[in-house]
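Mind assembling these two chains? They're in different frames, but the hints should get you there.
So the chains spell out like this:
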Amino acid sequence: MATVRALRSCSRTAGRLICVHHIRSCTSVRFIKSKYMSIFDKSAFKFSHQHRLFRTSTISNGQIVQFKLSDIGEGITEVTVKEWYVKEGDSVSQFDSICEVQSDKASVTITSRYDGIIRKLHYNLDEIAYVGKPLVDIETDVLKAVSSEEDVVETPAVSHEEQTHQEIKGHKTLATPAVRRLAMENNIKLSEVVGTGKDNRILKEDILNYLAKQTGAILPPSPKPEIIPPLPKPETVPPAPKDRGTKIAIPISKPIVFAGKDKTEAVTGFHKAMVKTMTAALQIPHFGYCDEIDLTQLVQLREELKPVAQARGVKVSFMPFFIKSSSLSTYLGTCMYGHYMLPDVLSFCPLLFPLGDKSIKRALSAASLGLLHYPILNASVDENCQSITYKASHNIGVAMDTEQGLIVPNVKNVQVCSVFDIASELNRLQTLGSSGQLGTNDLTGGTFTLSNIGTIGGTYAKPVILPPEVAIGALGKIQVLPRFNGKGEVFKAQIMNVSWSADHRIIDGATMARFSNLWKSYLENPASMLVDLK
Amino acid sequence: MVILLSLKNCFQLHYGLKIPAAGFRCSANTGLIIQSVSSDIYQNLAVEDWVHDNMTLEDRHVLFMWRNSPTVVIGRHQNPWQECNLKIMREKNIKLARRRSGGGTVYHDLGNINLTFFTSKKKYERMENLKLVVRALKALRPQFDVRATERYDLLLNGNFKISGTAAKLGRTVAYHHCTLLCNADRFLLSSVLKSPYKGIKSNATPSMPALVKNLFEEDPSLTCEIVMDAIAAEYARCHKIDHCITLINPGDETVFPGINMKTKELQTWDWIYGKTPKFSIRTCFNMVYKQSLLEVKVDIQVKHGRIEACNIDLPEQWLPPAMCSELEKNLTGSKLCPSETAALASTLLRVCPQNYELHSKWSLLCETVMTLM
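Chain order of the listed sequences is L and W. FYI, in the working numbering the residues of the first sequence are 1 to 534. FYI, in the working numbering the residues of the second sequence are 1 to 373.
Only chain W is shown next, with the shape it has when bound in the complex (with noise of 0.2 Å):
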């Protein structure tokens, strides 16, 4: 049973959330069941942000179910360049975005269930979180072979992952999110979650990959809506409280005060890509120029998703060598960003002597480092 906040509904949530004596429609006394009407990662993991810094949940518990449009979104100590394929997610238009917890990478699309589930730091338990969606799978669709592993994934039929986890724990609250393979594009999210990006060395979090099913595949009769009621129901039922969906606008800034300025800082660059842990790209590349086959050396320091320290190895006087270090001097302190390379590239091409074949070799060095990003 899903109830469409009305604004009185609205301001009911925003006291009920802050005081929880306050009257409200389901018993948000023991617990509380919220779905976003938004599908824009960064509203909804702002979300998250949001319950986790301003709600005291000392007996309470939420749940938060959302859906996204594409994205790709990875753990808070991971590195986009090693997780996936940025060149493709550009072309496609699917997002990246960085979360606050742990864990590893995950492909989002409106195929995808996210469930959130907020706790105080104490009632944290991860296993039973999982369980109840188990027993909601199970009493859904009881031919159903779904299971939780130790690594807290859930795997469909012994062998396939139809469910990944994260956590973040707080001063006072801690949530627990995980999704749930319902009908997502398979295709997309293989060719996604795959680095082609080589010679990378890092100490961030790696994913672990695992084969994948969506949950429509087993049984096409399934759809998100389906599941998530089934969830919710079951959620219900274990907090003694109504089965009762509130739909939340994650836009809102008089329900969530502050919401807009957490979008905002999930969404920058410095965030994404800036919070990468320190890293080194080392590599070798054979450039084609003019029939001959040139072999190019690249050693690049990355630190805050910017570039620390380059090196750009070139067969002798190839390039002459106040253009390379002229290159390598710019790129120190730049952006790990094809674009911003790009960019920089041309505008110095601009004070470079003109000479037609200086500038083709120019171009082709540049466009083969920026292949690394």
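Same shape as in the complex, but just chain L (with noise of 0.2 Å):
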């Protein structure tokens, strides 16, 4: 008698100490999703009360539960299914969102009562469902859901809580019965016990560890509430270094345990037009030209003019100077390229000075003077780059950053607008384009692109050509840096820096370097502007 009496408290203790073990294993296992049980010690399965803690995914050991759609209040029978946001074999948890339904202009939330797999939806969307009959079917483990039942109540007053709810001190305290029966069976206060689930919800591990803390042990989750004595340290701390008289706690390195997941998602719309027109663009040869601007008498000049634009109504940048600049600069200096149509400057000249005051007469902005000088600029290729076209207008297109990305408008025949009409017109595309409200005309038959990336920042860059255009500009942030002038003194300047590229088929780098002096005078000099008007 005495031998099995032995034996059987022997087994009972190796059970036990098992069942230790295999708990420790198991709280840790827990916090990390069902997936990662594959790596988990098989003979847990051995004892049958552990498996309320885990699921594996290959094996499926718990039931069927038909989920009923509850009562929605109103004494209301059907509603119309609108959403669904799980499907057919994802895993649910407690409280998770299940579906959307409608009924009569309520919206209804229907959340999940169990952790489970979804195993059958039994509408599809738009179907109208009914009260008291099964909406989901969610495979759940058997305990759980036994004791789920009873909250089942179909009395339409009462509203269907998924848990029994604990008044104590005035505060909520939620827990599932199964986490109550242990904290009864341990005399464990609810109200005690800090919940980490969601809503401050009390989970099996939040008593654990409570009586855990209480006794300095780790306790087993079964009814016997006995005590074991704490477990030896673990060996594979290594030993404190002797040479010091004191103990070092050496912590224990944790895995760190990322659960964040790779996203894809197609290229579509406007950026898949982008990937096309960019591969295009870089088969172009690009050569890139970079300069310092000083616009210090520039800047001077805008200030003098802010005044009048605000009476006009109109928000003068550096752009529109810019822009002009760049369409000035194509004056039919050499005679190398022959038969395209000469921009009459003296018919335009009345256009570009409209007031008669000095201060606009010298506020010519130099790109649209530039092309002029050198019309190549404002050419295009054909495909097989048998061909150049010289454009007679100067469509010069601005980059823009909007919500769909990096989109080029384009201000219209530069070459007969006065700085007013540029930065009116720069408004105008603005305002459309923060609103969403460019149409395609406004987006097509640009020639040369400018692009001010200095008002989000950078000195230098290497902008990338937009096809059919040869050229394009890429302007600096306005930095305040010290500069010598004539006399040798150091005074302060407003420096921008200047990156063009343009298409090597066709443009030389001694041709952009010209157009790029032109440009940077007529811009630091407004006065020589000027003198090359007749």
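No lab work stands behind these hints: they were computed from the structure.
One-sided and incomplete, this derived list gives chain L residues near chain W with beta-carbon spacing under 10 Å:
#1 Thr80
#2 Lys82
#3 Gln102
#4 Ser103
#5 Lys105
#6 Ala106
#7 Asp199
#8 Ala280
#9 Glu403
#10 Leu438
#11 Leu443
#12 Leu466
#13 Pro468
Owing to the predicted nature of the structure, the values given are computational and were not obtained by experimental measurement. All C-beta atoms, glycine included, are put in the ideal place defined by N, C-alpha and C.
Dropping the structure here:
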């Protein structure tokens, strides 16, 4: 008899020790999603009561429970299923949203009563679902399902709470019936336990942690409330160095668990079109040319112009000047390019000097002037680079950052526009751009582009030419830097960097350099623009 | 009686909302009346979300009063293309929002009062709330003929709708909100709530158009403030609480932790447009090109606000078939949005043969397709 008892007690102790070992692993594993179960020690399966704590993805040991559509209130018996948040095979936790139903202007979110895997959806979208009839089938573990059944009460007046509540000190304590049973068995007051689940819900781990703190040991969740003496320190901790008299606590390194997942999405819409365009763009042999411009005089000029512009209700930035200078730089100087139309400088002079004010006369933006001198920069080549078309209109594009990304609306016919015309057109394009109303007309037909990336930041850039154009300029930010003047004195200069890119098949470095120098001279000394106009 | 919140009260409100027993200026044990200082629809909708997600309302009731700058608000399962004129809205800078409750489309502006009645799920009773509003209006102007219908509308003089209702039920909290037309821009309302888009076939919840009238038109001495105060007084009387309205700032994270994230979520394209139930657009256009009339057939399937499949039937050889299929291919997966389509179309044009006629035809086609969006 004694031997039997001894054996029994032995196995009991053995059983309990094994129990403890598995509880420890169980509780740590419980915090990780069930998919990591595959690395778990299979010997745990021997203990049937352990099944409550976890599920494996391969072995389904739960039963299918039909989750019925609970009462909505106001005597409503049927609803329309409007959106499913889960599909068959998805795993859900208690309180996760399952679907959205609608009944007579009321939208209801149905949340899950169980942890489990969705096995069947009983309705398709837009079908009528009935209160009290099954909505979804969830595969969940037996014990929890059985205990939760008690909560299903069909009286309309009572709201269907999936958990029972305990009102202690005016504070709600949320816990499943299984957790409450555990607490009761261990004489624990739920109000004293810190809940770590959703809505401060008390989980099984919280009870176990609370118990561990109380007794200094880790207890099994079995009904037997026996206390096991504290376990010996794990052997993985390396011994403290002997040369020091004091003990140094060595932290046990926890593996860093990062639950983030990569997200892949298709490239669609505008971005897809950009992929095509940019791939074509990089077929163009680009060369770059950079320089710095001293805008001190232009800054002063703009300040003088501000009140005049305000009176007209036009916001004038530096862009209109840059744009106009680019256009004006195209002047029939050299005889390399023969047969295209000469813009009549005299005819557009009155437009360039609308008010006769000296400061406005000086404020001619250099870009358009530049293109007048070097029309090759306002050209376009065909696919096989067999013919060049010199565009008569200077439709200068301005890169704009919007919700879609980078779009390039253009100001049409800059060669016949005054600075104010350009400024008000830019205002219009900016307003449309920010409210998402730009049409295809504003976005197509560009011949030359300027990108003012400096408003965001940066100095030098390497812009990519937008086909079918042949040149592009990127403007850096205006910085206040020390420079030497003609007398060798240091002065405060407003410096901006410009980075040009051009199609090397038809434009050579010398042309680009001369264009840039001309553009630069117009901006650095606005008076020089006057000299070149007839 | 309106109490302006000092910082101290703000914290009291925060704790008052979380822990029922905490001390509070107004007797928060059975009821609370709050009013938003913001006229931003997204912030105000976020307050509703916040209360729904964060408050436990076993025996308590909360009344939330708010007004918004010009906005169109569609119901949870509605289709904005079917419900309103997005083109006019973009031009006039009228916002679009999708709320989480069901029901139909409404136009909000500062002349339209919004009332949200928060209760626990078991205390959810829409008719009671509407009767409260009717009592309040009657107390204010006994001569008014205001009554609630079975559809939970409020009618003035038997045939003019002055209020529409919608509701949201969660796990433990439910809310019922309704509008109240005091002095809204009726002209703008009717033009904006009329969809110009043809050929839409959808299972989304449709709105029921109705004749509307402002309370102001019945009695010009009424203002929104007077009406809101009357409703608050009736609410206070009903729930036996002090008639004091607490002003709240929906942008304050200290009072409403996590609210700014909710506000942001309500502003995303994926929520506003992407939550539209699947629908299709099947229509025929007549395009005018150089004095000739061309028939274009368009068939677009839209899912999550994006073009799932697209078919454009053009007169033969009007546009090179390669270009037409390129447009269809690029539109697939793209958002049903005119600015996205314009950007897409003009970008694609860059890698097409440089031919003035081709470009103008392409632009015309794209502009035509954009009118569907």
